[in-house]
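Visitor: These protein sequences, in sequence, are chains A and B.
For the first sequence, my numbering gives the first residue as 4, with consecutive numbering after it.
For the second sequence, my numbering gives the first residue as 4, with consecutive numbering after it.
It should be emphasised that the hints constitute simulated quantities derived from the structure, not laboratory data.
Here a beta-carbon is modelled for each residue, glycine too, at the ideal position from N, C-alpha and C.
Don't take every hint at face value.
[Claimed, not checked] Derived BS3-like pairs: lysine-lysine, alpha-carbon spacing no greater than 27 Å straight-line: (1) B:LYS27 to A:LYS323; (2) A:LYS340 to B:LYS114; (3) A:LYS27 to B:LYS340; (4) B:LYS367 to A:LYS27; (5) B:LYS323 to B:LYS237; (6) B:LYS27 to A:LYS407; (7) A:LYS340 to B:LYS27.
[Unchecked claim] The calculated label-pair distances, taken between Cβ atoms and stated as ranges, are: (8) A:LEU412 to B:GLY82: 26 to 36 Å; (9) B:ARG221 to A:PRO330: 19 to 29 Å; (10) A:GLN442 to B:LYS273: 36 to 46 Å; (11) A:PRO416 to B:LYS27: 17 to 27 Å.
Chain residues, written in single-letter form:
2 protein chains.
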Amino acid sequence: MGPLEKLINPSSIAIVGASNNPLKMATMHLLSIMKDGYTGKIFPVHPKEDVVFGLKAYKSPLDLPQAPDCAIFVIPSVGIPATLDAFGTIGTKRAIIISAGFKEVGEEGRKLEEEVKAIAAKHGIRFLGPNCMGLINSEIALNTTVMAYTAKPGALGLASQSGTYITQSIMYLQHHGVRFSKALSVGNEADISIIDVLEYLGNDEQTKAISLYIEGIRDVPRFLEVASNITPKKPVIAQYVGGSSAGARAGSSHTGAMAGPDYLYEGLFKQAGIIRVYSVEELYMHGHVLATQPRLKGNRVGIITNSGGPGTSMANTCEKEGFTVPPFSQMLQEKIKPLIPPHAPAGNPVDITFNLDLDVLTIKIPELAIQSGEVDALCIHGAFRKGFVECIFPHIQQVLNLQKPEDILGFLPTDLDTPGTIAYKYGIPIVMSSFFDYQDDFTQSMLEKGIPVFDSPEKAAKALAVLLRYKEVTERLPYEKVSLPKASPEAAAIIEKAIKNKQKALDEHAAKTLLAIYG
Amino acid sequence: MGPLEKLINPSSIAIVGASNNPLKMATMHLLSIMKDGYTGKIFPVHPKEDVVFGLKAYKSPLDLPQAPDCAIFVIPSVGIPATLDAFGTIGTKRAIIISAGFKEVGEEGRKLEEEVKAIAAKHGIRFLGPNCMGLINSEIALNTTVMAYTAKPGALGLASQSGTYITQSIMYLQHHGVRFSKALSVGNEADISIIDVLEYLGNDEQTKAISLYIEGIRDVPRFLEVASNITPKKPVIAQYVGGSSAGARAGSSHTGAMAGPDYLYEGLFKQAGIIRVYSVEELYMHGHVLATQPRLKGNRVGIITNSGGPGTSMANTCEKEGFTVPPFSQMLQEKIKPLIPPHAPAGNPVDITFNLDLDVLTIKIPELAIQSGEVDALCIHGAFRKGFVECIFPHIQQVLNLQKPEDILGFLPTDLDTPGTIAYKYGIPIVMSSFFDYQDDFTQSMLEKGIPVFDSPEKAAKALAVLLRYKEVTERLPYEKVSLPKASPEAAAIIEKAIKNKQKALDEHAAKTLLAIYG
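Model the full structure from these sequences, guided by the hints.
Guide: Written out as structure tokens, the structure is:
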């Protein structure tokens, strides 16, 4: 059992700093744990409270009736060593240190962080942070962040060197149908590192794909080894932002991360079989596609659209990304033609032209295309219903004497369930695009069923291509572990020199020399 | 006065096909014209109606009390020649043919299109379409599309070879604060071409930037000349989707466009000073930045964030796009430090850390940075209010005995007006990112004031860079008109051969030869 097992699946949690003031950060963390579905024991620890929102509170860890599996700290950083020591004394072995004010703020903080590490080591405590947002484990409805997380369990694992990407973004993720299996904010990585989290997610059955937000990797050889063992079985994508001088400087003051030149990370990701992405949107949405869609068996995409422009853009983007968009056979076209207007293109892209009978666009033609054996994936544009009605409603309201947009939806009987099941029924990945977002009932129903819906056609096509990138990863030669000269004195000298000079990143010459040493 | 003047600014409009059935397309076009604010005269023309929604209707153009400035056709294509002829007889000189069923559907349609062109030529009628969605002219609140367009007048001009991009996307545009000056769907371009529209928008005072969606340009020399005259004064961006074989095939059946290899268009855009974009999202949002933000005077970006990760990503993306993110001077940092927590980075990026006092993030630090003279543009992440409150509301509702999220907004006095004015006050472009979309009141207020808000930090940085691309365009040597060997017999032979072979696009050899002929 790895060090993260009990941290991510605790039976009992103490939260240090939580009070009855709901606008304090510690209390907001507590409220998330209390209200988002966690069923384990919760112990607020606060010097002045007896009862916190109905829970018995404790003045000190030493007063607790049991050693909690995990202690969460949201108190000023200087108070942490003593409190952590007390938890160690009672036998707690896991902690999450949310508080900031450590390595990321300079020398004083660095010393404090060392102190915390020493105390943890003394007691055999493994901990996440400091300077992090904690974690979400959707499997047991545990959310230690400050935001409400109410989505049902998902399949995307996230490890992030920025806490924001599992807090500020939670509503965004909900609006895009992205659901986590587990998401962890690793902060300063004083103990548990992003590599440990990656390893955990690699072995976690609930997690079908992994997204990494990276400002700097500390132990490159181990990262390479861990990632290389995961990527043949489970896709991993990563965003790296430390490659420019401004990015490196910002990351350094953010989590004290030691960044390196962009091309080093580019090579590292390639070798490890990690697919690189360039924005947090891709980190989420491409991860979402990998986590929810069946694996791609070939590179032929079928495109079905209700409008020419988006179909053309999708086709163009698909080909640029390495897909083919093969003209459909005469036999398949003959089957499609009765479903679309005369003269409408049936040859891939299929352009059904504007049509509010969504069954043709999202069920009938998709099934014909899949059953023909002529496509390995589908890209569908233009399925919308309520959003469109809301758009024309101001014009037809008086005319039809309607009260609200819903009045007209009765005239549009639509199967909202079947389209979301086709991908899984046939094992063929499907992505969609629509200019109508989560406010549209059709979009909403796809998001609920795990079919990714993008707000523009090119994005859908580009995200579909992440499945092709992953297919390439799985088809390449198996990773051979190179025996790295771990104790290379030249390499050690370069790194020592950099540290001595207080460099935050290696200069290009040193980095190249280092690379050369490691072959 | 160009051919588009009366088409875009008609004093009177006839709409052929509009009836009292609000679910018919022609009627939906009529309702948009009637209800979105147009104040000119409107004449429904329909064989069976006497009155349409209170407007006197006419059985034939010959019955009309006057020749309307513009006639709009939404009837089956075969009926158009005779009706157009009748309008010509009464003296109408402009038309919009919405109906499809022409060149894009094959030989029969091509003949019909020729017939329409001949009739138009006979009467001196200039027309948009066929197979288009018409136009939006926000200056006179004229909307001939099927969707409600209620946004206030904007500054982005759009010319599109796909009608969808001014119809299906209207709610999307509203949600992102993008507002058109004029937007035209050109369809098959049987008469008025995308080049004519580009020329019009280039001269239009309301239009500050132009976005073009292109599946294929027919008259390349004229496009080059028209665009080259506009781009030194007004930015033009373009998405071209005909460069792949699937894209070319799809475009051909969509509007009958003749596409060419991607690199030909790449070169054409470069020569013309047109900035290329690769998705409709960029077409809208980069156009929006160009249309709303002051011109960039240098390449130094200041980044202000409430969270480290997005600040780091923004910094990294800005540098990749050619900006510098210079460390702020000690003097500026000393001014910023009292506004942010101790140890928080003040050196660019400025990380104010999580803070619901938005004045620091969106007014005080921006003004300090601008007044210092150390930045040419600002990228701000993390301004949100109502969206965040909605996210924590489920947790604090009971605790604070609140009825609705708005109850807590009273505790967060925020200046929602000033932040949206700073860019214009100082002539410094500002873009923002937030994971809270139009549902957030701060985001909404920025969108209303024309400050672009993106849903991820990298997108904001990348969109800001379009101002840098345009700065490069304006700083390059003036365009010198090359005297093209227009009558080159070799070139004519290549093109004739392609047409004879019924090729929809030139093959690579022919294209390269053609390029070589034109130097």
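Visitor: Each of the hints needs a verdict: does it hold here or not?
Guide: Hint-by-hint comparison with the structure:
1. B:LYS27 to A:LYS323: Outside the cut-off at roughly 39 Å; violated.
2. A:LYS340 to B:LYS114: holds (23 Å)
3. A:LYS27 to B:LYS340: Holds. LYS27 (chain A) to LYS340 (chain B) sits at ~23 Å (cutoff 27 Å).
4. B:LYS367 to A:LYS27: Within the cut-off at roughly 25 Å; holds.
5. B:LYS323 to B:LYS237: Roughly 25 Å separates the two Cα atoms, so the pair holds.
6. B:LYS27 to A:LYS407: holds (20 Å)
7. A:LYS340 to B:LYS27: OK: LYS340 (chain A) and LYS27 (chain B) at ~23 Å, within 27 Å.
8. A:LEU412 to B:GLY82: 26 to 36 Å: holds (33 Å)
9. B:ARG221 to A:PRO330: 19 to 29 Å: holds (24 Å)
10. A:GLN442 to B:LYS273: 36 to 46 Å: holds (40 Å)
11. A:PRO416 to B:LYS27: 17 to 27 Å: holds (20 Å)
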